[in-house]
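Using my numbering, read the sequence shown as starting at 280 and increasing by one per residue.
Don't read these hints as lab results, they were simulated from the structure.
Mixed in with the good hints there might be a few duds.
[Unchecked claim] Below, computed lysine to any residue pairings styled on SDA-like, alpha-carbon distance capped at 20 Å:
#	residue 1	residue 2
1	K352	E425
2	K352	S393
3	K485	K497
4	K497	G479
5	K497	L458
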Amino acid sequence: MLTSPWVVRLRGITRQLGLNRWIAMRLSGGGYEDRFGPALQAEVRPGETVWDLGANLGLYTQAFASAVGEHGKVVAFEPTPDCFAALQERFTDDPRIQMMNVAVGASDGELHMSLDENPLAPTHRILAGTASKQGRTLAVPVRSAESVVAEQPACFPNLIKIDVEGHEGAVMDGMQALLPDSRLRCIGIEVHFGLLEARGEGHRPKQLEQTLTEHGFKVRWTDPSHMLALR
Numbered sequence: 280m281l282t283s284p285w286v287v288r289l290r291g292i293t294r295q296l297g298l299n300r301w302i303a304m305r306l307s308g309g310g311y312e313d314r315f316g317p318a319l320q321a322e323v324r325p326g327e328t329v330w331d332l333g334a335n336l337g338l339y340t341q342a343f344a345s346a347v348g349e350h351g352k353v354v355a356f357e358p359t360p361d362c363f364a365a366l367q368e369r370f371t372d373d374p375r376i377q378m379m380n381v382a383v384g385a386s387d388g389e390l391h392m393s394l395d396e397n398p399l400a401p402t403h404r405i406l407a408g409t410a411s412k413q414g415r416t417l418a419v420p421v422r423s424a425e426s427v428v429a430e431q432p433a434c435f436p437n438l439i440k441i442d443v444e445g446h447e448g449a450v451m452d453g454m455q456a457l458l459p460d461s462r463l464r465c466i467g468i469e470v471h472f473g474l475l476e477a478r479g480e481g482h483r484p485k486q487l488e489q490t491l492t493e494h495g496f497k498v499r500w501t502d503p504s505h506m507l508a509l510r
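I would like the entire structure built from these sequences, with the hints used as guidance.
Structure below.
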């Protein structure tokens, strides 16, 4: 329903009015992500491998590490230098956590990020290929999920959290080979409708939903911006 054409058009109107975050909070019955975070964390099992895509300062990374226990693993992906340095300072002595200073995307290479004025903000974002590089930008290395698994088979994920500021479609493009594998049983995505539309990818939310469903996931929306896929 949230990816139907009329809902997408309605979201565009409320976005222009600056109401989307307020509506999400009202529908979730609390603060933003109040339902998504607990629902996602409840799916983590001891001993599993969890990927945190868009780790920022490690809020989810810490929660995931506690949930997987001493025999589990968390791989935190964070491309921005300042946020990655903060992750290293926080988790360098934790053997459960592997940190990778890369973005995750459709293929290996390099892309440009638009940087927020606050170097530790969670709103840095990968620019679309044709986007202007005006303002503060940074070239960052990119790996596909498939490439990471090919290089490190032991870190195949059981659960993935994706919060990549409008780059979620490209992330999914780069993990197509992982989706048929039943070991991957949970994917949680923050879907940035406005950023995707601005990138010319307004079709992506529905495509993400369809792709996951085709691979046997049951998809539900915990609020208007967060998708949880389970199997």
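Would you mind confirming whether the straight-line C-alpha gap from K497 to G479 stays at or under 20 Å? violated (27 Å)
Would the pair K497 and L458 pass a check requiring their Cα atoms to be no farther apart than 20 Å? holds (13 Å)
Agreement of K352 and S393 with the hint, judged by alpha carbon distance not exceeding 20 Å: Given that 20 Å is the threshold and the Cα spacing comes to 30 Å, the pair is violated.
For the pair we were handed, K352 and E425, check the Cα-Cα distance against 20 Å. Measuring from Cα to Cα gives roughly 18 Å; hence the hint holds.
Just to be careful, I want the Cα atoms of K485 and K497 compared with a cutoff of 20 Å; is the pair within it? This hinted pair holds, its Cα atoms lying about 14 Å apart.
Taken one by one, the earlier hints fail for this structure at numbers 2, 4, listed in ascending order.
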